[in-house]
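Q: Chains as they are written, first to last, in UniProt numbering: chain A, 1 to 460; chain B, 1 to 460.
Hints are supplied without guarantee of correctness; some may be wrong.
One copy or any two copies: either way a pair holds, since identical chains are not told apart in the list.
[As the list claims (entries may be wrong)] Distance condition first, Cα-Cα at most 30 Å in a straight line; then the derived DSS-like pairs of lysine-lysine:
no.: 1; residue 1: 179; residue 2: 384
no.: 2; residue 1: 344; residue 2: 292
no.: 3; residue 1: 321; residue 2: 292
no.: 4; residue 1: 384; residue 2: 292
Since the hints were made in silico from the structure, they are not lab data.
Number of protein chains: 2
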Amino acid sequence: MSLTDQLLTTLDAGRDAAVARLVEWLRIPSISAQPDHAADCVRAAEWVRDQLLELGFTASLRQTPKHPVVVAHHPGPEGGKRHLLYYGHYDVQPPDPLELWTSPPFEPVLVEGPNGQRVVARGAVDDKGQVLMWIEALRAWNKVAGGPPCAITAVIEGEEEIGSPNLAPFMAANVAELKADVAIISDTGMWDIDTPALSTRLRGMCFVQLDIKAASRDLHSGMYGGSALNPNNLITKILGDLHDANGRVQLPGFYDGVPELSPELRAQWQALGFSEHDFLGAIGLSVPVGEKDRGPLERLWARPTADINGIWGGYTGPGSKTVIPSEAHAKITFRLVPGQHHEKVFASFQEFVKARLPADATATFQGGGASPGIEVPADSDFVKAAQAALADEYGRPAAMIGCGGSIPIVSSMKDVLGLDTVLMGFGLEDDQVHSPNEKFDLRCFHQGARSHARLLAKLG
Amino acid sequence: MSLTDQLLTTLDAGRDAAVARLVEWLRIPSISAQPDHAADCVRAAEWVRDQLLELGFTASLRQTPKHPVVVAHHPGPEGGKRHLLYYGHYDVQPPDPLELWTSPPFEPVLVEGPNGQRVVARGAVDDKGQVLMWIEALRAWNKVAGGPPCAITAVIEGEEEIGSPNLAPFMAANVAELKADVAIISDTGMWDIDTPALSTRLRGMCFVQLDIKAASRDLHSGMYGGSALNPNNLITKILGDLHDANGRVQLPGFYDGVPELSPELRAQWQALGFSEHDFLGAIGLSVPVGEKDRGPLERLWARPTADINGIWGGYTGPGSKTVIPSEAHAKITFRLVPGQHHEKVFASFQEFVKARLPADATATFQGGGASPGIEVPADSDFVKAAQAALADEYGRPAAMIGCGGSIPIVSSMKDVLGLDTVLMGFGLEDDQVHSPNEKFDLRCFHQGARSHARLLAKLG
């Protein structure tokens, strides 16, 4: 029997025990946002530290200003070529609203679903179940080969659900210790239960708050209407100009550096058979917005956008108040793709606003939350190995998908540690992430573990 | 000595006593908005009722659901031709913020100003001082001629500062009793201390709240940006189109029926020497908005406008939230001029929005607060008499001015009682109406009383 077959046989035989371990971990309510669950966060960290200690890792809890980071190391075989950094998180979202759960969020249950059994609990897929997949793969390697075929570093944090405030500083303070060749993360999804996926594109972001001021005080719209500048009128005039009639963003130079999709990728995405009709139908919409000459997945994954997340000015209470306010405000995010620079977009937005700003108005711009779009080179050894592992496991090629949102840890990996990230995730669209009745299909959990074992074999 | 000279001499001789009466009335804190001043409102009503009883009127307090209305009648001379309805209000605005007053708001003081003595107190000019001017004129008529030269009805309400909720119903319930030929109100201003004014144009109003809805829930701007309709983007696109590059409102048919100024009125307004530079400078602005091909007073008094009083949608708290909201909202008022119909403007706004509304969005429209623009016919006998009285008193013609805002009581006079209104006011721009240190120049008070005595002589 080949090494890989031995690994898979071991995982298959240990499937129930792996599920039992997952259930044990899921019982710990490690809600990072709630101070009275701080001790539970420590317990969840200790639990996963102990798993890694069992597998021959050196592993410990490392203090941060809030919840500890579990860091573990295994040197791998002597003369091993590669060093992999696995990242995950042991913290979970608050389970509210509790009344919508069909079973208590921290009392995991196995229930039957269309794809067989699933475990229902807060954290099932995000991210305890997905972390345990690669730990189970390492367990199989430990049993079959005495240890992993590469040097391994594991970083499992406890603050992902609160924005990872202490992770980048921790990584920056420990750059030498965390040196590796690539980061591997399982915290994303598959295309569908039969089609594995690698997320190779993430949009970045440029956030701006725009504050417009005009008169020195609020004015009566009868006394001053027709003479005094109204910042509400002005902000709609300016921001109403963000898009042209074809859905293109009108900031100067906004599309500079935005690459065209390769014909191969375009063909791959078309082959996925994505139904924008269904995607929009699920949220009560039917007509897509965005650039008219671009395809749906291209618009979602590979084209930049501009969205006003918030706008406010003047009187917003009940009834009417005939005021010309002195201020108006908006919060805008630009979703960026690789090739764009958030500093340039920020500057271009200022230019765009100032070009439309009358002499009497002032505009101020507060930034925040900027990150670049990220593309994992599809031809790297690591991506190729992951593609091969997934193709072996699923009998079909992995979809090379994008993600319209940002995953800040991927930026940190690049910025702080200089690492590209392989995002190999096994969640499904109906997993209820962050919602009541979060679940993880055991088939996904098990095939995820098998895929990780295969990936290690490819990289070993 | 002519009758008019006798009246003026009497007023001049009684000037100090008139000021003493004003001070007495101003000591009563008749704040209509504050329930614990309800008894003070009654006291203020009784005080003015007693003044009118002294002058031979039948006068009483008439109950409403809140503060009483003082109604008084004098039949005038037998066979008198005319019946005048004087309107005013005995209630005052809350004096807050108290710490900005240089003397207690209900302890009137006489202080020296650039135009001589002024009385400083809440209600000095708005409206107790201005009501007492015509009562003092009636007092002089009583002394010199035994009574007024016309039939007089006086209506002095106690809810003007809270929007007169009970006045129109009260008038509607007493139409026969309140029958008259014209309404005379002193609750407006002069052009400057040397130049009297009649306000003959008031803009009306059409208020609309626009609510736009799109997706069935709030969306993540990363996951959905580039595909899902954003109501914030849409509302800026729609409302940013309200005005064209020349400041004209782009609603279909918006300017239908808007009359051009007569050359005479245009010349009169130009002769007023209004400085828009100073008007805007006082509120920190320098460049007028509105229609580029119109003069400043024309824009403020005789042209319709569109102002967004409030706008809101999505996340408006601190920091960022990358949401595509499901709703966006705005409150808009259109200021209207005579010749426009608020129902048509409301319908036209709906048409304007719907023409710009994509299939996935719904828009709802809530009206409220509509009133027509009003123009007092400048050639009526009453206006001509007021012009003559003011010209006699001031030695120069009255400015025939407009008012950019609405005065709801003027609409009610027309709608409920069928009366045109002569707005002959004696306030000055620096009177601090509704603000700390409200004042009324005694010269204005005295010349106002003299002007009212003259007006009665013209109409008698």
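Q: Determine for every hint whether it applies to the structure shown.
A: To see whether the hints hold, each was checked on the structure:
1. 179 / 384: Within one copy only: 21 Å inside a chain, 93 Å across chains, cut-off 30 Å.
2. 344 / 292: within (25 Å within a copy, 36 Å between copies)
3. 321 / 292: Cα proximity of residue 321 and residue 292: across copies only (27 Å, versus 39 Å in one copy).
4. 384 / 292: So residue 384 and residue 292 fail the 30 Å test inside a copy (33 Å) and across (64 Å) alike.
Checked against the numbered hints above, the structure violates only hint 4.
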